[in-house]
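The primary structure of each chain is shown beneath.
4 protein chains.
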Amino acid sequence: MFRAPVGIVGFSGYSGAELVTLLSRHPHVEPVLLEHRDGGDRPRPLGHEGPRRLPCSADSVGSARLAAVFLATPPEVSMDLAGPFLDAGAKVIDLSGAFRLGTAENYQRWYKELHTQPDLLAEAVYGLPEFCRGRVAAARLISNPGCYPTAANLAIKPLIEAGAIARELGIVCDAKSGVSGAGRKASLKTSFCEVTENFSAYSILDHRHVPEILRTSGLEEGEFSFTAQLIPIHRGILETIYFRSSGQIGSAEDLLEIYRSRYTSEPFVRLYPPGQVPDLQAVAHTNFCDIGWKYDPETRRTVVVSAIDNLGKGAAGQAVQNMNLALGYPETAGLL
Amino acid sequence: MFRAPVGIVGFSGYSGAELVTLLSRHPHVEPVLLEHRDGGDRPRPLGHEGPRRLPCSADSVGSARLAAVFLATPPEVSMDLAGPFLDAGAKVIDLSGAFRLGTAENYQRWYKELHTQPDLLAEAVYGLPEFCRGRVAAARLISNPGCYPTAANLAIKPLIEAGAIARELGIVCDAKSGVSGAGRKASLKTSFCEVTENFSAYSILDHRHVPEILRTSGLEEGEFSFTAQLIPIHRGILETIYFRSSGQIGSAEDLLEIYRSRYTSEPFVRLYPPGQVPDLQAVAHTNFCDIGWKYDPETRRTVVVSAIDNLGKGAAGQAVQNMNLALGYPETAGLL
Amino acid sequence: MFRAPVGIVGFSGYSGAELVTLLSRHPHVEPVLLEHRDGGDRPRPLGHEGPRRLPCSADSVGSARLAAVFLATPPEVSMDLAGPFLDAGAKVIDLSGAFRLGTAENYQRWYKELHTQPDLLAEAVYGLPEFCRGRVAAARLISNPGCYPTAANLAIKPLIEAGAIARELGIVCDAKSGVSGAGRKASLKTSFCEVTENFSAYSILDHRHVPEILRTSGLEEGEFSFTAQLIPIHRGILETIYFRSSGQIGSAEDLLEIYRSRYTSEPFVRLYPPGQVPDLQAVAHTNFCDIGWKYDPETRRTVVVSAIDNLGKGAAGQAVQNMNLALGYPETAGLL
Amino acid sequence: MFRAPVGIVGFSGYSGAELVTLLSRHPHVEPVLLEHRDGGDRPRPLGHEGPRRLPCSADSVGSARLAAVFLATPPEVSMDLAGPFLDAGAKVIDLSGAFRLGTAENYQRWYKELHTQPDLLAEAVYGLPEFCRGRVAAARLISNPGCYPTAANLAIKPLIEAGAIARELGIVCDAKSGVSGAGRKASLKTSFCEVTENFSAYSILDHRHVPEILRTSGLEEGEFSFTAQLIPIHRGILETIYFRSSGQIGSAEDLLEIYRSRYTSEPFVRLYPPGQVPDLQAVAHTNFCDIGWKYDPETRRTVVVSAIDNLGKGAAGQAVQNMNLALGYPETAGLL
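Residue numbers (my numbering), protein chains in the order written: chain D, 2 to 337; chain U, 2 to 337; chain V, 2 to 337; chain S, 2 to 337.
Simulated from the structure, these hints should not be mistaken for laboratory data.
If you're wondering where the values come from, they're calculated on a predicted model, not measured in any experiment.
Each residue gets a CB set at the ideal place from its N, CA and C atoms; glycine is no exception.
Careful: at least some of the hints might be erroneous.
Stated by the list, open to error - In silico SDA-like pairs for lysine to any residue, Cα to Cα no more than 20 Å straight-line:
no.: 1; chain 1: S; residue 1: K190; chain 2: D; residue 2: A183
no.: 2; chain 1: V; residue 1: K190; chain 2: U; residue 2: L328
no.: 3; chain 1: S; residue 1: K190; chain 2: D; residue 2: A187
no.: 4; chain 1: V; residue 1: K158; chain 2: V; residue 2: E77
no.: 5; chain 1: S; residue 1: K190; chain 2: D; residue 2: D42
no.: 6; chain 1: U; residue 1: K190; chain 2: V; residue 2: E267
no.: 7; chain 1: U; residue 1: K186; chain 2: V; residue 2: G184
no.: 8; chain 1: D; residue 1: K186; chain 2: S; residue 2: D60
no.: 9; chain 1: D; residue 1: K186; chain 2: S; residue 2: K190
no.: 10; chain 1: S; residue 1: K186; chain 2: S; residue 2: P44
no.: 11; chain 1: V; residue 1: K186; chain 2: D; residue 2: Q282
no.: 12; chain 1: U; residue 1: K190; chain 2: V; residue 2: S13
no.: 13; chain 1: V; residue 1: K113; chain 2: V; residue 2: E77
no.: 14; chain 1: U; residue 1: K190; chain 2: V; residue 2: A183
no.: 15; chain 1: V; residue 1: K92; chain 2: V; residue 2: R141
no.: 16; chain 1: S; residue 1: K190; chain 2: V; residue 2: A285
no.: 17; chain 1: S; residue 1: K92; chain 2: S; residue 2: P44
no.: 18; chain 1: V; residue 1: K92; chain 2: V; residue 2: G184
no.: 19; chain 1: S; residue 1: K186; chain 2: D; residue 2: A183
no.: 20; chain 1: D; residue 1: K92; chain 2: D; residue 2: A139
no.: 21; chain 1: D; residue 1: K190; chain 2: S; residue 2: S188
no.: 22; chain 1: S; residue 1: K190; chain 2: D; residue 2: G41
What the hints assert, rightly or not - Derived, one-sided and incomplete: chain V residues facing chain D with beta-carbon distance under 7 Å:
no.: 23; residue: P46
no.: 24; residue: L47
no.: 25; residue: H49
no.: 26; residue: P52
no.: 27; residue: L55
no.: 28; residue: R271
no.: 29; residue: Y273
no.: 30; residue: Q277
Sequences and hints are given; from them, build the entire structure.
Right, here's the structure in full:
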């Protein structure tokens, strides 16, 4: 059966390698590796050399008739490559932060760099399918959401839209991530001996993913406190979210009702019985976002736990979901 | 040099074994193991059999003239042993929750069991030296604080006393602990394969340590949201605490001022330069509680990070600190 | 498309759960859970209750017309269930050691228990497809190999058959396994805090898997030294095998020639370029056995590294491979 | 009490930081940090800035009257610094491989670099106190042994000297190390995500530590097969050593006899009851080398397990032991 070729730039990184794994099993496409400063190759068994490789260029994209190209690259590389690849006829799905923040000003504030492609930035569609499925299907350039924002927005956006949260008291999102979220570049901070038997907070109140959460959820910066933390594990994000409910909520079941009405036909959002919450093993190596919560009716204190695999729904899995929408395949193809 | 004998019940557990390690290096006391249903012995090298062992009984305590006995035991065992050991002339330092909650009613609500020793409960002194040093020195029965409450109260009590927190908006304490906090009893929940590459929340809003935090800090239950979570590491507790400051605080330095005035001469509380926070490696195998914070002056959002070794300041280390006070040794003996 | 029902006993253990995962994705069969003293259930999302469940009985096997039943159970349970399930018309694939050692005497020596089903023991076919594919396809009762023996025999049997090893000098197999190999029963030895930041040897020279290796490879006990060791990871087995080559070997390429002639058309054995060896990440979550080696031509010293996922080729994966053979499906169905 | 100042170069690395920890608790010396391209500083609590710092120069060594200097540096740096520091009056204890291999030729073969200080190489004393205590006490320049050789030689040298091993059949040493053995320089190979849930062999048959083992033990290269492997832990080395005993050995107790006669008064070598072996938790954060073994009297197959903390007896601990000898302090000062 014909499988359409799709390109991957940055295939030796963690998100890129996960894309190779997912696309190699995909029923409708086959991965092509676009070589771009890749390194850190692992030994390969004889006769198992993996997908074919092409130079990373618009020529390759055009002559190999790649239907789509995934950019698992730093934002500055994504800004360089997106335009030429679109011109060469491919849909582009960018996993970096280059096209997530809507305006060049916002990008510059949080990424401390000039945005070199403001036109593409304006065109890019934010690829959180649960909230913008139609626009993704029609897009040329899809900006794949950040890992933390995916887990956060899927958990809080339905509640905010339903008016279930007493926003004036503030929302706390205490986020924890496995180390693969930091990428595969060697650095002291992600060295084994610095991470094992350790736990550390970083980017307290000023993480780059905050504006992405605000933009999608509609919260104001002052209403939302976010801390990122490093768990000594390979993959997984768990966010513990605290708020008080508004007066319209009287029980844990009321929250279930809101989530259910929003997610009942969503293939990749799973809800837990009230009082139960997911852990990271529940979502490892999947494209699911699992959501559970606990509610104290006397004081309206609420704790929601949202869990994803940062390389799955938090990066490569969601990117494949977006590709399926953009190329007209079943949304779950290759993901269950 | 004479070293006074002190007993340890529960020496094969994690807190108990840490006590053995600390007391073996202590300049003024020597550990004696009181054998009580201990198991799980590890192979021992020839000629390194460790401290001497006695049956666990009031007779042993009396005839060996133990100056103090540490109970690293479940609460129901501590309730049984504390009285007879006090009668036998020893000071008793209990590491369980048996004597922490002030009243039998409070104990019964949170531990779901009757308290069998209400008189001892009334007599017991809560051993958080930074806030009750004098009473500890005079006590016969010392209730060693829980691990989570130690990290929480050292971080928030000075701020609450100073009126630095807008309590009406609520305080969130997102707490994470290494697995040794669950004790050394075999259970599926603490099995390696259930914990590794995982992260999970438990006892959301209803952890037994919550009343201990409320009692010491003076907070109301509705003002304080607490979640406990399991990190795949052996030892360490890190708590990320969120609140908005009251109007009297205008900068991160104002918070430093409050902490400093409280802790300037404390040997085991360490403060970080404003904007920096501790990680768990900073406190591993120590009796320190390390405190750092980040403050957003525009919105008054504040995040405080408090870190301890749950077997150090969170259990055995603090117990030795309490023993030093109760027996009249220098408070830091054997702990630096 | 019709998928034939196949049963799993012991589905809550690690091998059993891996079977559920693999069979849920299998194109030709669907898993049915046979409930037998299972416990340790994890929270499940609403609407994702997993495969259907039946009581564990011959009646269930017969009335549900299960084509095959996997026994991921202790040997004594497997001995009880295998006969009735065969009588009920299912092929039986046993993952325990009950039917691996050929004779009741051999079983009793190594498992320290009487074998209650000597007739079934005689009938059982040892399911290492690379060496007995034809017999597996015709078998009613398949004894799935142990994890250590699978990695060992795939690495050494071709060399022994080719006379490439100076057996009189002895072969050393230093084996290391992830913790899931010990099963999911709570025990102190597999508790997180006992395993993390640790590494330990066990069953030195007398592991139960030794006779299985001898029986398949044709080695004598005195020629083969085996130590099992626990790595602080969830899954994976790596064996480092030492010997001197016989005179007929002159280079690392000579060893490659022997392996190639044996494995050239094997879908699940992968060979590395001489001088390179696999690590455990190469085989995690796969059914591959990866083999690499280093050879010193001056002294004929040889080191072979063999790596598998103990839950894949070492248990559930190989069991599915055996099922595919026994039920007439493509051997790789559901495994690539 | 006066504590003599001793210098540490490379104090921000793992061995260097362990030296700082050990020397800060030492009763007779106090550490001074000699700043030499150090980086990767961790946040430090206010008022806890650690030992005083000096520029790394012979002037500093002379004017601060450092009694000894530890070089926890790469070999090329050690070759540069050792001479000037000796001239400035300090004893020098080098933790690199610069001065371990006796001759410049041997160094060049294994380290692939010219040795620039052959005179110092000739003068250096190999600091394995159990076998050369007297020479260490008299030395100016002490070459601290490698981590793997320390564990290997303490386990096999007494047996080789006693003629207890059938050397013609070969000795296998399967060695495993925690990640800190690779140093604190950021590299992909020691990145968390490459190491966790993994296990890998490296430098098979050609590790730089092999010649050190041969030189001390008296074995020939062809008699000794060595593989190094990476365990996903911070610290610890465990070596599993295989051989057949010579005819003079008839039981596990005979081996005990040999070890005992050699180590009976050694403070840092511990022996296990025959049949029991150490694990890594037994030696973590200590200066002990623990040795246990299993023996099969029928076939003379023997397995010895030797365990150390690679940062303790394998590096910093042994370096302090050597310093104690060289400066005339009790050999165990600061190490128990």
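Query raised in the report: Which of the listed hints are broken here?
Result: Numbers 2, 4, 6, 8, 17, 18, 26 and 27, in rising order.
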